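K.L.:
Model the full structure from these sequences, guided by the hints.
Chains as they are written, first to last, in my numbering: chain A, 1 to 349; chain B, 1 to 349; chain C, 1 to 349.
Keep in mind that the hints were calculated from the coordinates and are not lab data.
Here the structure is a predicted model, which is why all the values come from computation and not from measurement.
A few of these clues could be false.
Claimed, not checked - Not everything, but these chain B residues come out facing chain A in the computed CB check (under 8 Å):
#1 L25
#2 A82
#3 A157
#4 G176
#5 L235
#6 A321
#7 V332
What the hints assert, rightly or not - Where chain A lies over chain B, by a calculated footprint (3+ residues, C-beta under 8 Å):
#8 11-23
#9 162-171
#10 276-283
#11 333-339
Cβ atoms here follow ideal geometry from the backbone N, Cα and C, with glycine treated the same way.
What follows is each chain in one-letter form.
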Amino acid sequence: MEVRSRTLGELAALVGGELRGDPGLPIRGIASLEDAGSGDLSFVTGPRHLRQAEASRASALVVPRDLDLPGRPVIRVDQPYAAVVTLLHAFHPEPAPTPGIHPTAVVAASARVAPDAAVLALAVVGADSTVDSRAVLHPHVVVGERCRVGEGSVLHAHVVLRGNVEVGRGVVIHAGSVLGADGFGYVFDGARHVKIPQVGRVVVEDDAEIGANVTIDRATMGDTVIGRGTKIDNLVQIGHNTVVGSDTIIVAQAGISGSCRIGNRVVIGGQVGVADHAAIGDGAQVGSQSGVHGHVPPGAAVLGYPAMPVAEARRAMAAQAHLPELLRTVRVLKRRVAELERRLGEGGR
Amino acid sequence: MEVRSRTLGELAALVGGELRGDPGLPIRGIASLEDAGSGDLSFVTGPRHLRQAEASRASALVVPRDLDLPGRPVIRVDQPYAAVVTLLHAFHPEPAPTPGIHPTAVVAASARVAPDAAVLALAVVGADSTVDSRAVLHPHVVVGERCRVGEGSVLHAHVVLRGNVEVGRGVVIHAGSVLGADGFGYVFDGARHVKIPQVGRVVVEDDAEIGANVTIDRATMGDTVIGRGTKIDNLVQIGHNTVVGSDTIIVAQAGISGSCRIGNRVVIGGQVGVADHAAIGDGAQVGSQSGVHGHVPPGAAVLGYPAMPVAEARRAMAAQAHLPELLRTVRVLKRRVAELERRLGEGGR
Amino acid sequence: MEVRSRTLGELAALVGGELRGDPGLPIRGIASLEDAGSGDLSFVTGPRHLRQAEASRASALVVPRDLDLPGRPVIRVDQPYAAVVTLLHAFHPEPAPTPGIHPTAVVAASARVAPDAAVLALAVVGADSTVDSRAVLHPHVVVGERCRVGEGSVLHAHVVLRGNVEVGRGVVIHAGSVLGADGFGYVFDGARHVKIPQVGRVVVEDDAEIGANVTIDRATMGDTVIGRGTKIDNLVQIGHNTVVGSDTIIVAQAGISGSCRIGNRVVIGGQVGVADHAAIGDGAQVGSQSGVHGHVPPGAAVLGYPAMPVAEARRAMAAQAHLPELLRTVRVLKRRVAELERRLGEGGR
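P.N.:
Written as structure tokens, this is what we have:
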């Protein structure tokens with residue numbers, strides 16, 4: 001939805017950049033180097049994209065201060081990525097939905113919905129729940145009982161907060177995610193698995209973002225917590241009573257079991273598994289598809305199953321391909337050593 | 001929602017425990033050792049939590065018969081976990097939803113809904129389906145055509161039974177799960193993948209529990225079956241025609257392919273993959289993130305990719321870190337053996 | 001729902017097969033060899049099922065031209081699987097839902113819905129979206145703004161197209177899948193993760209089929225593409241800007257990261273992970289639970305983490321179990337070589 005075209009000069013001013021080229025050049029959108037055509041502004045984040053930039057059909061480019069593209073109109077900036085974020089917002093403004101409660105929504109009498117919040121078609125808000133100012137519940141969202149959706153938070157279509165879930169301010173939850181389902185807790189009484197009632201909460205702190213079809217279980221007792229500014233990708237599982245710190249990244253299909261402690265600014269790769277009661281320190285990085293048990297120290301980078309320091313894991317992985325050859329070599333060596341021992345007059349072992 | 005406070009004496013009687021301490025002590029809730037404060041009852045399941053128990057600010061504790069906490073009010077019981085389950089139910093009664101069909105629900109004329117079942121806001125019940133006594137369909141549940149939801153079963157928000165799905169008694173299905181989508185079956189005709197119509201059913205037996213955003217595919221022909229009392233965690237995939245036995249545990253994000261036979265009281269760890277037509281015997285255990293092909297004998301414990309006996313797998317994993325060093329050692333040995341052979345007057349190999 | 005019984009002669013004619021047996025034999029349904037009973041037609045796809053066929057209680061069998069089952073009524077055909085597809089469709093016709101917009105559906109004034117499309121109970125169609133002829137939106141489907149659902153495509157219950165999603169003709173999307181959620185793109189500005197607006201689209205080409213609870217993210221800019229005839233299983237994740245070719249198979253719980261290029265007629269196994277910017281050539285096969293980084297050449301078959309040629313991977317996996325023993329062998333060899341060196345009058349190294 002490019003709403004209207006702008007001039008290169010306007011855009012340079014918008015991002016506080018230095019313009020080299022015609023300020024009146026009309027620009028109708030932002031595109032990648034590959035996809036850009038005439039009328040598009042594209043961008044280069046570093047010298048390694050220089051050749052691709054030269055080949056691009058973009059009408060103009062956002063470039064780092066220290067980069068030159070002779071003969072091409074450019075906007076030079078300190079932080080190309082930040083400038084692109086600004087430009088994307090300018091060209092693709094997110095229209096805020098009309099505030100109010102859609103006539104097809106079902107809102108409990110005891111629920112409190114701020115007058116400038118938007119509860120869209122067929123959304124449900126349960127008893128004793130609160131939807132704060134400028135929050136948006138997209139179609140088919142189900143907010144259970146005793147929940148809070150904080151100021152300006154957006155719940156996309158089909159999100160479910162089952163009950164006793166607290167969502168802070170400026171949170172985004174993508175479609176189909178389920179927060180507050182029962183944790184997976186049973187005791188085997190000798191005959192069958194007896195369910196441990198799951199009576200705790202889920203708390204999502206301010207500015208967190210949660211992907212699509214994610215599941216975050218309520219605590220058995222106490223809280224499952226997603227920290228401030230943490231970003232969770234699609235199809236991730238977070239178990240009961242797990243506490244995730246701030247500004248942490250959890251990539252798609254990772255699974256964090258119950259009662260884990262994940263620090264701040266941690267990066268957990270795609271399809272990683274983290275076992276019950278594991279602890280991952282601040283700033284640690286876990287490579288994709290790894291399996292973490294026990295403790296990962298702050299700042300560590302680990303990989304593999306079981307996860308080990310990444311350099312060690314890479315060496316072990318590289319060595320693994322040589323394993324069949326190694327088996328053969330050792331078999332031959334064994335024969336040669338036995339032969340040497342025989343010739344020196346001893347049977348050896 | 002602690003509804004009202006109770007006395008320690010009442011609670012001891014409730015769980016049939018032996019009270020040591022003031023029976024009139026008011027208790028307002030149950031909490032973990034860590035989270036408990038004044039007024040809370042907490043619990044110790046074994047001697048390894050003793051130090052934590054001593055440090056806890058809980059007003060009283062449930063403890064095993066043979067454990068003493070001098071100076072602390074305790075309730076001594078045979079099975080602390082079972083007692084906690086009872087106490088959690090007492091403090092957190094699940095209020096049954098009001099029976100009846102919500103005016104916004106859409107129920108086919110040919111569907112049969114028991115008068116004491118609850119079909120909540122915006123739920124859909126398709127033609128020729130049956131919802132039995134005390135069953136609960138939470139908001140936005142879609143029950144397709146020719147389904148049955150058994151007595152007292154609970155389908156949480158957004159659950160989909162696509163059609164021809166039979167759910168037994170006392171089953172719980174958490175939000176967003178999809179039962180009865182087409183199995184993944186195609187034949188390549190040389191030009192394209194031709195879909196094999198999937199015309200079978202899904203059958204979930206009594207007392208099973210299924211997590212959030214799980215997918216269980218209908219059989220091609222015949223039935224996909226989840227056995228009595230089996231517990232399935234979030235984001236699990238169960239393929240077409242697979243039969244899972246009774247009292248089995250399948251942890252989050254595991255994937256069971258089509259036509260598998262999973263026994264009774266099996267435990268399948270998180271993110272495990274089980275290949276088509278595999279068979280896992282009664283009581284077997286599969287470690288997290290393992291890959292199972294073929295056959296796992298009853299009672300076996302396996303781990304790894306491909307899955308092997310767990311002791312063997314752990315030895316192989318431990319050895320793996322030594323692999324780069326081993327490669328170097330063998331290279332050096334090879335040189336030393338060649339030198340020995342040379343000195344003994346032979347070139348050797 | 002077997003609607004009515006047919007004669008074996010009718011069925012032989014329907015599949016163009018050669019009948020051996022009584023053409024008047026009544027057949028009431030199709031079943032597997034194992035499940036078939038009297039009145040059922042079953043099938044054998046090759047000689048390895050011969051013994052099972054002899055034991056089957058099926059009244060008649062579809063068999064390959066070159067196979068004989070003396071004394072059993074058979075229909076002999078060139079392609080048994082294709083015949084079974086035809087027969088399943090005959091016995092289990094999918095009744096087309098009644099066209100029109102259900103009174104409980106919420107359709108934006110600016111949306112265009114073909115008169116012979118079916119928008120079922122409680123479905124939502126957003127502004128400026130188009131639903132073409134014979135398309136079906138099952139209950140609770142949410143089609144966002146500026147989407148297109150092509151001719152004859154079927155979106156099962158609870159599917160979400162978030163906005164700017166284009167679905168071609170003859171596409172099937174199973175329940176709970178989310179297309180067009182934001183890609184997972186952030187830049188860390190030193191203090192927090194700043195979101196890169198995701199303003200691109202998702203495009204699903206004709207005849208693709210997408211499983212249940214799948215997530216396919218919109219492109220940052222440009223398009224995320226699922227090619228013509230490609231089949232995606234349940235709980236799969238497709239990242240932003242990834243382009244998947246035609247007639248490709250992606251099995252359950254696989255995760256394809258952002259900006260990948262997946263070719264035509266590729267097969268990606270269950271729980272596979274594909275890293276950002278990876279490329280998989282036409283006709284390549286990736287074994288289940290593998291991890292792909294970088295480039296897989298056309299036609300290659302790879303396995304493992306990191307993925308390597310499948311023969312090599314299998315050898316490495318087989319060798320892995322011998323690793324602990326190998327470590328012991330090498331330790332012993334080292335001692336024996338040192339002893340030999342000592343006896344030859346040198347300390348060695």
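K.L.:
Work down the list of hints and note, for each, if the structure agrees.
P.N.:
Going down the list of hints, with the structure as the test:
1. Checking L25(B) against chain A by beta carbon gives a least distance of about 20 Å; that is not within 8 Å, so the hint is violated.
2. Proximity of A82(B) to chain A holds as hinted, the smallest CB-CB distance being about 7 Å (cut-off 8 Å).
3. With a least beta-carbon distance of about 4 Å to chain A, the hint placing A157(B) at the interface is held under the 8 Å criterion.
4. The interface hint given for G176(B) holds, since its Cβ lies 5 Å from the closest Cβ of chain A, which is under the 8 Å cut-off.
5. Because the smallest distance between the Cβ of L235(B) and any Cβ of chain A comes to about 5 Å, under 8 Å, the interface hint for this residue holds.
6. Interface restraint check: A321(B) against chain A, minimum CB-CB distance 6 Å, threshold 8 Å, status holds.
7. Because the smallest distance between the Cβ of V332(B) and any Cβ of chain A comes to about 11 Å, over 8 Å, the interface hint for this residue is violated.
8. Coverage of the segment 11-23 of chain B by chain A is violated [criterion: at least 3 residues with CB-CB distance below 8 Å; count 0].
9. Coverage of the segment 162-171 of chain B by chain A is violated in this model, with 0 residues showing a Cβ closer than 8 Å to a Cβ of that chain against a need of three.
10. With 0 residues carrying a beta carbon less than 8 Å from a beta carbon of chain A, the segment 276-283 of chain B misses the three-residue requirement, and the given coverage is violated.
11. Under a criterion of three residues with beta carbons nearer than 8 Å to beta carbons of chain A, the stated coverage of the segment 333-339 of chain B is upheld, 3 such residues being counted.
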